[in-house]
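There are 2 protein chains.
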Amino acid sequence: MSLRYRVLAALLGLCLLFPAQPGHASDKDGEDGYRLWLRYAPLDRSVGQQYDFVGAGIALDGIQSPTTDVAISELQTGLHSMLGLSVAEHPLAHRPAITLRRIGAGQADPVAANCNLAADISGGFSISVSTEGDEPKIQIAAFDDIGLLYGSYALLRHVQQGKPLAAIAHCEMPRIAQRLLNHWDNPDGSVERGYAGRSIFDWWRLPDHVDRRIIDYARANASIGINGAVLNNVNARARMLSAEYIAKAAALADALRPYGIRVYLSARFSAPRDIGGLPNADPLDPHVRQWWKAKADEIYRAIPDFGGFLVKANSEGQPGPQDYGRTHADGANMLAEAIGDRGLIFWRAFVYKAENGEDRVKQAYSEFTPLDGQFADNVIVQVKNGPLDFQPREPFHPLFGAMPKTPLAIELQITKEYLGFSTHLAYLGPLFEEALDADTGIGDIPKPVASIIEGSDGGHRTSAIAGVANIGSDRNWSGSHFDQANWYAFGRLAWNPSLSSSTIADEWIGQTFTRKPSARQAIATLMLESREAVVDYMTPLGLAHLMGTGHHYGPAPWVDNLERADWNPFYFHQADRNGIGIDRGRNGTNALSQYSARAAVRFASREEQNLPFLLWFHRIGWNEQIATGRTLWQELVLRYDRGLSWVEEALTKWNGLKADIDPRRHAEVADFLKIQKREAKWWRDASLAYWMDRNGQVLPAGAEPPATSLEHYKGLSFPDAPGN
Amino acid sequence: MSLRYRVLAALLGLCLLFPAQPGHASDKDGEDGYRLWLRYAPLDRSVGQQYDFVGAGIALDGIQSPTTDVAISELQTGLHSMLGLSVAEHPLAHRPAITLRRIGAGQADPVAANCNLAADISGGFSISVSTEGDEPKIQIAAFDDIGLLYGSYALLRHVQQGKPLAAIAHCEMPRIAQRLLNHWDNPDGSVERGYAGRSIFDWWRLPDHVDRRIIDYARANASIGINGAVLNNVNARARMLSAEYIAKAAALADALRPYGIRVYLSARFSAPRDIGGLPNADPLDPHVRQWWKAKADEIYRAIPDFGGFLVKANSEGQPGPQDYGRTHADGANMLAEAIGDRGLIFWRAFVYKAENGEDRVKQAYSEFTPLDGQFADNVIVQVKNGPLDFQPREPFHPLFGAMPKTPLAIELQITKEYLGFSTHLAYLGPLFEEALDADTGIGDIPKPVASIIEGSDGGHRTSAIAGVANIGSDRNWSGSHFDQANWYAFGRLAWNPSLSSSTIADEWIGQTFTRKPSARQAIATLMLESREAVVDYMTPLGLAHLMGTGHHYGPAPWVDNLERADWNPFYFHQADRNGIGIDRGRNGTNALSQYSARAAVRFASREEQNLPFLLWFHRIGWNEQIATGRTLWQELVLRYDRGLSWVEEALTKWNGLKADIDPRRHAEVADFLKIQKREAKWWRDASLAYWMDRNGQVLPAGAEPPATSLEHYKGLSFPDAPGN
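From first to last, the protein sequence lines stand for chains A and B. So in the working numbering, the last spot in the first sequence is 727, and the numbers never skip. So in the working numbering, the last spot in the second sequence is 727, and the numbers never skip.
Careful: at least some of the hints might be erroneous.
As the list claims (entries may be wrong) - Sample of chain B residues at the chain A side, in silico, Cβ under 7 Å:
(1) Pro190
(2) Asp191
(3) Gly200
(4) Arg201
(5) Trp207
(6) Asp211
(7) His212
(8) Ser476
(9) Lys677
(10) Ile678
(11) Pro725
The hints are simulated quantities; they were obtained by calculation from the structure and are not laboratory data. Bear in mind that the values here come from a model prediction, so they are computed numbers and not experimental data. Ideal placement from N, C-alpha and C gives every residue a C-beta, glycine not left out.
Looking at chain A on its own, in the form it has when it is part of the complex (with noise of 0.2 Å):
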């Protein structure tokens, strides 16, 4: 055989493993976000070849199933993507590269014992790597089949992130059983603070069409670890539960149940009222409680893994149990007989009343503390991570750890509502972690929020962690880029709640942007930094709640005219000649004693370290000196500049990065970082000037006037504000 010969057949083989797609216009678009961090881009050879092994092929070691299908399929589509490889499926005693291998029920992971693979933890999944020969042997060891896709969607994750194979192996098993989000998506389209357009359920056309995206959606779900997803808002339309409704949330269960997500309803407290003809929806009426089991038996002949109902009961104009004199205990337990042990009842403790003089952020706690240990064993109470509203800062929620006979679960926002909707870049990773490494001062060492929703020492039925979705019909998902990493990190943080939000932003980049070093690192800083910015620009040193009213976008503190004081943002600062901040320890609303002693202790403490949550706990002097040196004032004005400078150094930076990222994103990016400039201004000017008006104070040297004037600021209107 000639050399020439043999050269044209290598080049051939070349040519024939990265089969051609000749002529498809499709990257005319350029990289668009859709693929999420599932996109797969082709390794650095260097960096591939010592995954060529799994050329080799795939088997399966257990029984088929819809769901060892998608996991064959995921890394097939994955390892093709990112080597060029055609991995085939073969039989098991072909000795395949990887395989998938179903552990018995009574048997131990074999491979990796050491790992405490609990056959009562549904996900949990062992990689373990043999050589045999000269060739690796990947294998992936579960007790259930979403062990093997989870298991599958870690070996993607790290093949993706272009790391070694000597560091694949490991093992995982969730620390949150119910990992959910909260879709707040109506039936007519819109989503309630959605900022990436319309919802991606296509109410109108289901149960008859079922969108390719919603493949895309579960896939990307399950790569995370999500298992749960609440399709509709919680401010609930009762024709959700109509059986047209089900029918069609029963296609979207079926799209999702292979990927092991299941889903669950809102309800809305009247319904039978609403649509079942009944004359009240009291929980103590027989007939109410007969249309609700009727119901829920409707609900699970069409769909048999039904998770159960999602419920916002006297809360913000809400129907609920206390309409007729009952406690949510009684609203909550009524829907749980309904169920039974088929599923789960999520009861939120989002609740304060207009009539209820109490601070605001007390009114969780009051009302539901009475109440633990009434609530049935499928019911979890579904606390927010502050106890105000999604603020850009709060501190934890006094009802953690307050309630132990009640398993918790905590409701992080991934929407950003108070956080510069999907345009301001603020990864949201920092602030999950911050809620849930903080120690809620329960007992002698210290026991995070994390720990209250594990239910480790609960025995508690179950445990579960919500996230607001961000996701949308626009192309790229979240409405931004770096939106898509607030998704990733509910799910990665959902799964480990001990992961750092720094591990996170890698991983994603890794996955989305670029696996290049320099630019991974510079990428992840700004992610890192950004949401402090926020809260620097937006509400600083403890403040909350400044935003416009209804719709959230941009300051408003002078706002003062609201039906209920507490919608008021005026309510949340309080601002005159003498001061600003609220005092809520013993002399003022002693919201304080709602926490343990100990997280009292540092709430109390005005030292540098509690500066975050200075104002929110106390009231100050404009002029008063504050742990940094500084007055109160000086350090405030400080602290807008500084937000305002990091959006434009960050601008400058990401600038920077134009040779490394793909130039449609890039460039989208940049556009969006402008438009946080400018409006980042906008909050430090027009809050400023607020304050400015009513304290009487001058800036500091050297900080500039705001642009213009307040009134100009206060004239501004955003009738066509999204997600309102």
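Using the hints provided, position chain B relative to the given structure of chain A.
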């Protein structure tokens, strides 16, 4: 050289011709329709090889501009995608394969003089082929850059259909000067009568961010000759004329300009009062006139080539000059003066009044014909194709031909408000063709509506056609794959109203679904028959406006309780025990008198060829024998059944095309046809149940009874219907 070597070398050559794209998982999605008719699928070599000479490159003979850049880039993209060839740009001296030649103002087109390309008609072009040595050379010549771009797209359209080089030489000039899309998009991102998601105009992030989709929108439009876009809804918000929104429109105008597309805005007539601080909007008030002049100047400073205003006035609650006792001409002329020679005013003739007892279909004619001759010469009166409102079928609007001193634009509705939204397959080419070809009966020889619009004998300043867009944020742009064809057909007919809807369908299929002749023919047949089927199952025999109130989804012929008589479906059929339909002859409303004598004779006829308009112009007894030999009742039932059967058969035929269509689009269309089948049956059954309730007739032998009771159909409600 061994045979084996030569075979290998040939294979390798093929490989290199189609450069590999290793790894991208982009086709995981499959064909999603985003690329529209600019899909540029690779050609079979047997067809493509005749074009391989284009590998010799491309040159510009003229001065480079953003528009010539687009032309060259699009040729490079399209030819590379279809042929696998790089088509480099060379200097003219290199004698490349394709030359774009800008003809000087004083010159004639040297190669295509017999085309009569006119220097004063923008956009005309010639394509000619010569041969030097063995290699063909193509020249695209035009008097303006947009002509070069249109010629480039014409070349690509030819190649993309797999047509032979030998047939490529031809020349074209547009028959109508202004070819506009009317977007009914609102600043909050919703789209009135939009069934394809949200607005593609991301008002919220404009002007700072212009989405990539806008460029692809521009490409699609330019490729079919559309040269204007009204960006916002005719039910206009005044704030669209604020400085804030002008800046947003300017950013879009900058993006669209290279593609020859001018932007227009819908203007709310009361804007001087709404946002201008004036006490009224009286068009004869000097302050009002001054406000509009200043506003026009402000817009032209931001958008030097701003197209002008579209106005819906004194119609369906919109403000207008009649609020001040002035005429439509007073209102239009005030705006015409403000805008001057810089642009155009499109003034809609879609008017009807609650307090007017005249037959609704007569009112526009009554109101506008007395104004003929009173409009400034930069005003165009925009008239819907029929006198009612975008029904599945209407007779042509009697204003066409009745205002010889005024340029009239025809307004067609591309979005299917009354034809099953974006779910039903209803190719509108035949509807548009019917509207444009309708003989107005003016003069002695046929004078189609198109000739009135073209203004061939009116001596008007310009000519115009408008289509209400069906474009939204859905990935496939139009909500369904087949609805893309309606956008395409509108553009092609706007360019040349003499094109047949079958030619256009064939072109579109060849560029989108498949080039395979048998499949192409089968799909074309489905498309061409589809609109008549919708007429059959919704509004047969000249019935109209029987759709559900407000949302216009589904049948509701029984509705008779709305505030305004002429909003009620009942108003349009008046069915009782004796008969159905409206007598619009001399003994009835005499709407016939608004037509020319020849047209009136035609519409007065009950002969077979006039059955499509029978009940529009006549009231007929249920048992009266009509031209088919059947009774009216028998014929009605037959037509409902025929419409439903067509959908059933269409689904079967489509399923038979499975091997010829990519799986994703095939499945999506099949899903939609299943929905259409169910809804066609609903239309038939609900309509027949109601007619039987009115007329006391029994169904003809063999006809299937309605599936359920009239009360059931009456009880259905659709709070989530899109586009409302």
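Status of each hint after checking the structure:
1. Pro190: holds, 5 Å
2. Asp191: Hint holds; Asp191 of chain B Cβ to chain A Cβ min 5 Å, cut 7 Å.
3. Gly200: holds, 6 Å
4. Arg201: holds, 6 Å
5. Trp207: holds, 6 Å
6. Asp211: holds, 5 Å
7. His212: This hint holds: His212 of chain B lies near chain A, its Cβ roughly 4 Å from the closest one there, short of 7 Å.
8. Ser476: holds, 6 Å
9. Lys677: holds, 6 Å
10. Ile678: Holds, because the Cβ-Cβ distance from Ile678 of chain B to chain A comes to roughly 5 Å (cut-off 7 Å).
11. Pro725: Because about 6 Å separates Pro725 of chain B from the closest Cβ in chain A, which is inside the 7 Å limit, the hint holds.
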